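Chain order of the listed sequences is E and Z.
Counting from 1 along the first sequence, just add 128 to a position and that's the residue number in my numbering.
Counting from 1 along the second sequence, just add 128 to a position and that's the residue number in my numbering.
It does not matter which identical chain is meant; a pair holds if it fits inside one copy or across any two.
Below are the DSS-like pairs computed for lysine-lysine, each with C-alpha atoms no more than 27 Å apart in a straight line: (1) Lys268 x Lys294; (2) Lys220 x Lys243; (3) Lys297 x Lys268; (4) Lys268 x Lys257; (5) Lys268 x Lys290.
By construction, these hints were calculated from the structure, which means they are not laboratory data.
The structure displayed is predicted, hence computed values, not measured ones.
Protein chains: 2
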Amino acid sequence: MNIIYKGKTKNLVESNGKMYCLFKDTMTGTDGVFDTGGNQVAGSKEGAGAECLKVSKFFFEKINQAGVKTHYLGADIDNNLMEIENCSVFGKGLEVITRFKAVGSFIRRYGLYTKEGQELNAYSEITLKDDNREDPLITKEGLVELNILSEDEYDEIIRENKKVAKLVKKILNEYGLELYDIKFEWGRHKDSGEVLLIDEVSGGNMRAYKDGKYIEPLELSRYLGL
Amino acid sequence: MNIIYKGKTKNLVESNGKMYCLFKDTMTGTDGVFDTGGNQVAGSKEGAGAECLKVSKFFFEKINQAGVKTHYLGADIDNNLMEIENCSVFGKGLEVITRFKAVGSFIRRYGLYTKEGQELNAYSEITLKDDNREDPLITKEGLVELNILSEDEYDEIIRENKKVAKLVKKILNEYGLELYDIKFEWGRHKDSGEVLLIDEVSGGNMRAYKDGKYIEPLELSRYLGL
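Please take these sequences and the hints and turn them into a complete structure.
Quick look at the structure:
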């Protein structure tokens with residue numbers, strides 16, 4: 129196996145011409161506290177990688193079935209490996225967030241106009257993956273100006289992000305859970321040029337609640353019966 | 129004169145059924161240092177109000193002549209008064225920025241993709257006036273979600289902002305000056321409902337340069353021969 133890229137919670141590896149995400153046991157957070165919005169490695173927990181992979185397998189299979197193209201090809205849970213399509217990211221990586229309830233950075237930015245927990249209509253936004261600048265928000269015009277996305281790519285990614293977010297929301301609802309917000313990443317297939325959902329879809333990507341109580345990222349699989 | 133609203137650098141006053149901006153000698157900045165991007169009152173300088181009013185008169189008259197509707201009706205420099213149309217702001221106030229060169233908060237946010245002084249194509253963005261949250265950037269979708277602007281209002285304001293920014297850039301060019309970026313405010317006429325350029329148009333709204341050297345806000349009138 130050749131390590132192509134070392135990430136905070138996953139490595140990108142190549143073996144026999146196939147690409148894989150290797151899920152690690154590290155978790156992100158802020159100042160040592162696990163936190164979905166955090167940008168640092170906050171610590172490590174045995175089994176965290178397998179946990180995120182199990183949940184990702186669960187969601188990617190359902191997302192693929194729903195007709196949204198993803199980089200997911202299969203999962204080898206015992207070895208923490210997810211086989212994936214070979215994709216490149218837009219710019220140096222984007223996070224695309226869809227929000228159903230106002231929490232987290234939305235409140236920190238827009239608290240003058242909204243209050244914690246207010247309903248949002250699948251409001252979506254893009255932030256740049258940039259740890260040194262705390263993942264700044266960027267507008268459609270900004271992404272076009274900096275040659276990161278075309279206008280059409282922006283519209284496609286936002287539209288598909290909302291579609292997948294609503295699907296995950298619906299699935300969670302079936303398990304008695306409520307989705308407040310979720311972030312995804314999108315990439316471009318290196319051969320076909322198609323826009324695909326990439327990265328992972330696990331507890332760390334979303335804020336899910338059960339009867340008003342926040343579900344810790346590593347607890348999600350238990351609620352899904354995995 | 130009745131004070132309707134006390135601002136950091138201007139008061140809104142009413143007299144005999146007419147509305148006026150009263151320009152004060154206070155200046156905004158950060159931690160006591162004058163700074164176009166600053167949000168606090170950084171100090172006071174005798175004549176600062178008259179200076180900003182003189183420059184605003186100069187630009188508003190040219191902007192009105194160019195056919196863009198503004199709240200400007202006339203100026204009484206001796207009394208620091210600008211007679212204005214009666215307008216309301218959108219939400220609790222917005223700043224609409226058009227940038228021709230990457231400086232200031234644009235670099236702080238997007239330094240991973242751009243460098244100081246890079247040309248920008250009249251890139252425009254809106255921030256919320258909210259001192260407690262450092263005037264956060266907000267997208268079109270965010271403004272619509274929070275019922276601050278409609279999609280059409282957003283498009284109109286961005287289009288007109290670029291138009292006025294380009295006009296100011298052209299005027300400054302005639303005086304050998306270069307405009308890097310500029311911020312405007314827009315409001316709605318309380319009777320006609322029309323969208324008008326409001327607030328002021330002075331050195332404090334813009335970053336202007338002469339032969340690569342930044343022009344302090346209160347120095348601008350001298351370069352314009354006012």
